[in-house]
Amino acid sequence: MSELAIKGGRVVTATGTLAADVLVRDGVVVEVSPRLDAAEVLDASGCVVIPGLVDLHTHLRVPGREDAETIETGTRAAALGGYTAVMAMPNTEPAIDNVGIVRQIQKGAVDALCDVSVAASITVGREGKVLSPMAELAATGVQMFTDDGDCVQDGGLMRRAFKYARSVDVLLASHCEDASMSKGGHMHEGAVSSRLGIPAIPPDAEEVMVQREILLSRTTRGRLHLMHLSTARSVEMVRMAKAAGQVLTAEAAPHHFTLTDEAVRSFDPVFKVYPPLRSQADVDAVKAGLLDGTIDAIATDHAPHSQQHKELPFDQAPCGMLGLETALSLALSELDLPIERVVELMSSNPARIARLDADHGAIAVGRPANIAVVNVEERWQVDPTNLASKARNTPYAHREMKGRVRHTLLRGEVVVSEGKALR
Amino acid sequence: MKHLLSIDDLGREGIDEVLSLAEQLVEPSGARDKASAFAGKTVATLFFESSTRTRVSFEMAALKLGARILELDVGTSSLNKGESIRDTSQTIAEMGVDALIVRHASAGVAQQIARWTDTTVVNAGDGSHQHPTQALLDCLTLRQELGRNDLNDVRVLFVGDFANSRVVRSSVQAFSALGADITVVASPTMHPSDMSVWPVTVSYDLDDVIGSQDVIYSLRPKTERLTSGAVMPSTREYIIRYCITLDRFARLGENVRIMDAGPVLRGVQMAAEVLDDPRCLVNRQVANGVPTRMAVLLTLLERSHHLPVALSQKGVDV
Chain A
1 MSELAIKGGR
11 VVTATGTLAA
21 DVLVRDGVVV
31 EVSPRLDAAE
41 VLDASGCVVI
51 PGLVDLHTHL
61 RVPGREDAET
71 IETGTRAAAL
81 GGYTAVMAMP
91 NTEPAIDNVG
101 IVRQIQKGAV
111 DALCDVSVAA
121 SITVGREGKV
131 LSPMAELAAT
141 GVQMFTDDGD
151 CVQDGGLMRR
161 AFKYARSVDV
171 LLASHCEDAS
181 MSKGGHMHEG
191 AVSSRLGIPA
201 IPPDAEEVMV
211 QREILLSRTT
221 RGRLHLMHLS
231 TARSVEMVRM
241 AKAAGQVLTA
251 EAAPHHFTLT
261 DEAVRSFDPV
271 FKVYPPLRSQ
281 ADVDAVKAGL
291 LDGTIDAIAT
301 DHAPHSQQHK
311 ELPFDQAPCG
321 MLGLETALSL
331 ALSELDLPIE
341 RVVELMSSNP
351 ARIARLDADH
361 GAIAVGRPAN
371 IAVVNVEERW
381 QVDPTNLASK
391 ARNTPYAHRE
401 MKGRVRHTLL
411 RGEVVVSEGK
421 ALR
Chain B
1 MKHLLSIDDL
11 GREGIDEVLS
21 LAEQLVEPSG
31 ARDKASAFAG
41 KTVATLFFES
51 STRTRVSFEM
61 AALKLGARIL
71 ELDVGTSSLN
81 KGESIRDTSQ
91 TIAEMGVDAL
101 IVRHASAGVA
111 QQIARWTDTT
121 VVNAGDGSHQ
131 HPTQALLDCL
141 TLRQELGRND
151 LNDVRVLFVG
161 DFANSRVVRS
171 SVQAFSALGA
181 DITVVASPTM
191 HPSDMSVWPV
201 TVSYDLDDVI
211 GSQDVIYSLR
221 PKTERLTSGA
231 VMPSTREYII
241 RYCITLDRFA
251 RLGENVRIMD
261 AGPVLRGVQM
271 AAEVLDDPRC
281 LVNRQVANGV
291 PTRMAVLLTL
301 LERSHHLPVA
311 LSQKGVDV
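These protein sequence lines are chains A and B, in that order. The opening position of the first sequence corresponds to residue 1 in the numbering used here, with each subsequent residue numbered one higher. The opening position of the second sequence corresponds to residue 1 in the numbering used here, with each subsequent residue numbered one higher.
Looking at chain A on its own, in the form it has when it is part of the complex (with noise of 0.2 angstroms):
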């Protein structure tokens, strides 16, 4: 029997947040109170003591870019970003159709410093044809379908799938964009892209696609998650369809909310991505939408990529960034929210929306203890070269942060202590 106790910290409860103390056993949170003693003892004076994070929207890379990061590595870097769940994206190569590859993340991530969920394509291959297996996926514990990196174009197709996905009660998660319309850009079509001359996105590429799978979803019943919302129009799409009756759900990356086209003026690949860095008003509708529940989830869209390819001509590098080492930094520091409303958009959400909620998403007795400790008001800075992540294409090299993980507990085993992985 292993006995742990968090002490000194300030516990964000379902119920409600009070100092207090939890004391964990054999990886089970058993009491949440003052005054709690054990063998080990982690220390959370100053820091508040939230349910582990959970990121519906990571590229762990594996099979086929363990250049860029592998399962152990993407993992450590969500640990040290106090993620407990993360859900591995399913464009790698070959992409995730088939319950092979599923099994080897699976048996990959036995080892790994946080759980991994494994999202699976829509389309075999991703090529947006033929749809893959979803019973028999679902049946391996594959609760989400995406073709992330790529949008069904045919709608017929994804009418189908929705209809499909319905009946095997699996969601899908659209990462919206018009490839007649985005084609050949590189950047968000704007005051920017004007001046630069880099051929650009216009947000109709994104909006036509979000309006078309909100109508899909409502005409199908199928159940819909939006990934990387990044336009006002797409934020105040949602907000109708909500305000309608309708059930879905939507994410918004980190840099979706705090950066903006503007960085693209340094022309270093850095800063490209798919959606693109967009306009300031972009920006503050995609902040509204955080603020009044209309965006569920941040999840981070961790995208890593090797230098050489972040290296190339803007136009030539590939699109992504990384994001689990700096997500709850960002949230802390440029959200202006109670740390209550943080772990709904970065715990408890998220968890619901993988139905990872029976082990993630709430410090409550009886539930794994999947944990982090961060202090708040901590204040460091990304140094690219000190990531866990394989791979170095942060935007936010040199920042300055305020908010850090101290330590993160992994179903009780303490992987993140001092903000040092333990392993």
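Don't read these hints as lab results, they were simulated from the structure. A few of these clues could be false.
Stated by the list, open to error - Some chain B residues well away from chain A (every beta-carbon gap over 10 angstroms; in silico): (1) Thr42; (2) Leu63; (3) Thr76; (4) Lys81; (5) Ala107; (6) Glu145; (7) Asn152; (8) Ala163; (9) Arg236; (10) Arg241; (11) Leu252; (12) Gly267; (13) Arg284.
Unchecked claim - Derived DSS-like pairs: lysine-lysine, alpha-carbon spacing no greater than 30 angstroms straight-line: (14) Lys183(A) / Lys222(B); (15) Lys390(A) / Lys34(B); (16) Lys41(B) / Lys2(B); (17) Lys242(A) / Lys287(A); (18) Lys34(B) / Lys81(B); (19) Lys183(A) / Lys2(B).
Quick reminder that beta carbons are idealized off the backbone N, C-alpha and C, glycines included.
Use these hints to put chain B onto chain A, whose structure you have.
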């Protein structure tokens, strides 16, 4: 100022400074004065995209300053073996060149190279972003034509594919800095979506605006954008709407000037006869390329060449 990556880098004063120097260099005596200015220096050209005028013009400028030229032959370089632009430019810079002249089909490459090496970088054209030396020689040409240093109240019309033109981005900035009154005309499919950030009047109809201009600057449309039918219905439609046809040219006054950065798509941008008309400044533009580029190289390199000497004479550790 270490690099010339964009007209942004110069500002009105910088433009005037370079142009005044260029004017001196247009005169053979002025050029002779500087014939050994770069003795012992090496200028390397990294042209990842085809060019006749610009590359030869830069090479001529360097030679006339007494520099050695190093030309990277992209076709036979290790770029073919998969070597990155970063490694290529760093390797060349390591060998001790004083300036890198860079042209690439992708916007921002000159800027990236300036970050990776310690060497002075001159942007000879990056994608659709900037072509600062072109804008400078355009300004020099108009200075000569109009006999003054500013373009106040000079009405300039740019015709053609704005979205895809680095020439227009640089020249609009430069002409505007000198006070010109600029209009741009093209199909909306050839304008960037947000034109509010440009100090220009936007038009879609050439006949509406062509009669009230002092200078007409023609931009070359990319062939694939004309023939695909996706941006303009057809080349014929482009000609009907935006070509400076003989008809349109006949309606222009005696004092209108025609400019073009070249090469010119005869019959599409303008009737062949327009190019050969004395009101067309294209040949003068080409000739001005060399003194302009000499002036740019002198402005970037001569000062920094002198600075360490001055400091060491004062006993300062450099």
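Requested in this report: Compare the structure with the hints numbered earlier in the document and write down the numbers of the violated ones, lowest to highest.
Outcome: Numbers 5, 8, 15, 18, 19 - these are the hints that the structure violates, sorted from lowest upward.
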